[in-house]
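Participant: Single-letter residue listing:
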Amino acid sequence: MLHRVLRNAAAPALLLQFGSWGELFGGSVLAEQVFSYPGLGAATTAAALGQDVPLLLGIALFTTVFVFVGNTLGDLVHARVDPRVGRAGRDDLRRTAWRDARGAAPAPARATAEEAG
Amino acid sequence: MTAVAAAGHLPDRRRRTLWWIASALAVVLGVVVAGTLGADAAQTTGLADRNLGPSWEHLFGTDRLGRDMLARTLAGLRLSLLVGTSAALISAAIAVVLACAAVVFGGVVDRVVSWLVDAFLALPHLVLLILLAFALGGGTQAVVIAVAVTHWPTLTRVLRGHARHVVTSDYVAVARGLGRSGWSIATGHLARHLLGHVVVGTVLLFPHAILHEAALSFLGLGVDPAGPSIGVLLAESMRYLTAGAWWLALLPGLCLLVVVKLVDTIGENARALVDPRSVHL
Chain A
0 MLHRVLRNAA
10 APALLLQFGS
20 WGELFGGSVL
30 AEQVFSYPGL
40 GAATTAAALG
50 QDVPLLLGIA
60 LFTTVFVFVG
70 NTLGDLVHAR
80 VDPRVGRAGR
90 DDLRRTAWRD
100 ARGAAPAPAR
110 ATAEEAG
Chain B
0 MTAVAAAGHL
10 PDRRRRTLWW
20 IASALAVVLG
30 VVVAGTLGAD
40 AAQTTGLADR
50 NLGPSWEHLF
60 GTDRLGRDML
70 ARTLAGLRLS
80 LLVGTSAALI
90 SAAIAVVLAC
100 AAVVFGGVVD
110 RVVSWLVDAF
120 LALPHLVLLI
130 LLAFALGGGT
140 QAVVIAVAVT
150 HWPTLTRVLR
160 GHARHVVTSD
170 YVAVARGLGR
180 SGWSIATGHL
190 ARHLLGHVVV
200 GTVLLFPHAI
210 LHEAALSFLG
220 LGVDPAGPSI
230 GVLLAESMRY
240 LTAGAWWLAL
250 LPGLCLLVVV
260 KLVDTIGENA
270 RALVDPRSVH
280 L
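In order, the protein sequence lines correspond to chains A and B.
For the first sequence, numbering that gives the first Met the number 0 gives the first residue as 0, with consecutive numbering after it.
For the second sequence, numbering that gives the first Met the number 0 gives the first residue as 0, with consecutive numbering after it.
Only chain A is shown next, with the shape it has when bound in the complex:
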């Protein structure tokens, strides 16, 4: 049962977990204030209390990049774990390639039909 349940449940669960990667920074703000760790969270608090606008904006930009990276990683892992998701993207590409090549395909078919008929 573990095999079946885990395999099917893992894909969306991983997607959601990677989506919350950016929230690490949110949590670290409070934790570092309590335990006085010198980290990015403490830097955010110090910047806000000390009116340091460039530092605040820089941290905001950096955390946005982190959120984006987390979401992208989640998509990649999701595609890897759930083969149906990955295949859909590749199928689309294959389908458009086949549709483009169809302009050339009917001509030989018509030629063979004329030959036969």
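In case anyone wonders, no lab produced these hints; they're calculated from the structure.
Please note: incorrect hints may appear among the correct ones.
One side only, chain B facing chain A, incomplete, derived with CB under 7 Å [unchecked claim]:
| no. | residue |
| --- | --- |
| 1 | ALA118 |
| 2 | PHE119 |
| 3 | ALA121 |
| 4 | LEU122 |
| 5 | PRO123 |
| 6 | LEU125 |
| 7 | VAL126 |
| 8 | ILE129 |
| 9 | LEU130 |
| 10 | ALA214 |
| 11 | LEU218 |
| 12 | LEU220 |
Chain A stretches covered by chain B per the calculated footprint, using a threshold of three residues with CB under 8 Å from any CB of chain B [claimed, not checked]:
| no. | stretch |
| --- | --- |
| 13 | 18 to 30 |
| 14 | 41 to 48 |
| 15 | 53 to 63 |
No residue lacks a Cβ here, since even glycine has one placed at the ideal position from N, Cα and C.
Since chain A is already given, all that's left is putting chain B on it; use the hints.
Facilitator: Just chain B, lined up with the frame of chain A:
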């Protein structure tokens, strides 16, 4: 089904859910009333009674200036609940307006709203909260606005999903065919269907709003440090924790946890009433 329910001595699930909502609501309102009544005691300092542990006279002990911690905790909970309520209501109003506009008018409006939701969700919400509270200058009003502006995206997404489901139904197509304007469709059809989800979404926003207000006050960016918000109480307690004054942090924290859990219970039970399938899964 009613026959079966009447046969047993336990009330049926629906009635139990209503009882849970009523009792949780009563406790939360009681906290607000008690906080209002105890506002004087929360500010009365007694320098002879500093840093006393919990006793029969001071049920939660006293803080460094001799103020009764129980009164301070209740006053702080009242402030946190008021700020959380106003922030959640503003957030819900923004979410309803944007979700209805996106669905009824479609096209460009829909894409703009989706882009806005994605833009706001791109930042971790605590970082965005700090940015906004800083930009607005701190204080109670800034906290309310900042919490409201950070919490509307998730609710907008949910409401937009439900609203799209309503808009693809037959009666809305008939209304459009009869020539009714977008505004009248929104108020007539959408509002009735979304009302349940809006109420549930708002009540489920309260815990987030209360906790974020406490977090901002804890960091010093929120309400005025003189006012007894739970975050301010916890921030003040940190200095005395190592000296052994455990009641300064543990008891307000526990009360915050209990109140947030109560509001969450109201929200979850209201959601069970509005959307029963989410409970049975």
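Participant: Can you give the numbers of the hints that this structure goes against, from lowest to highest?
Facilitator: Per hint list: 1, 2 violated.
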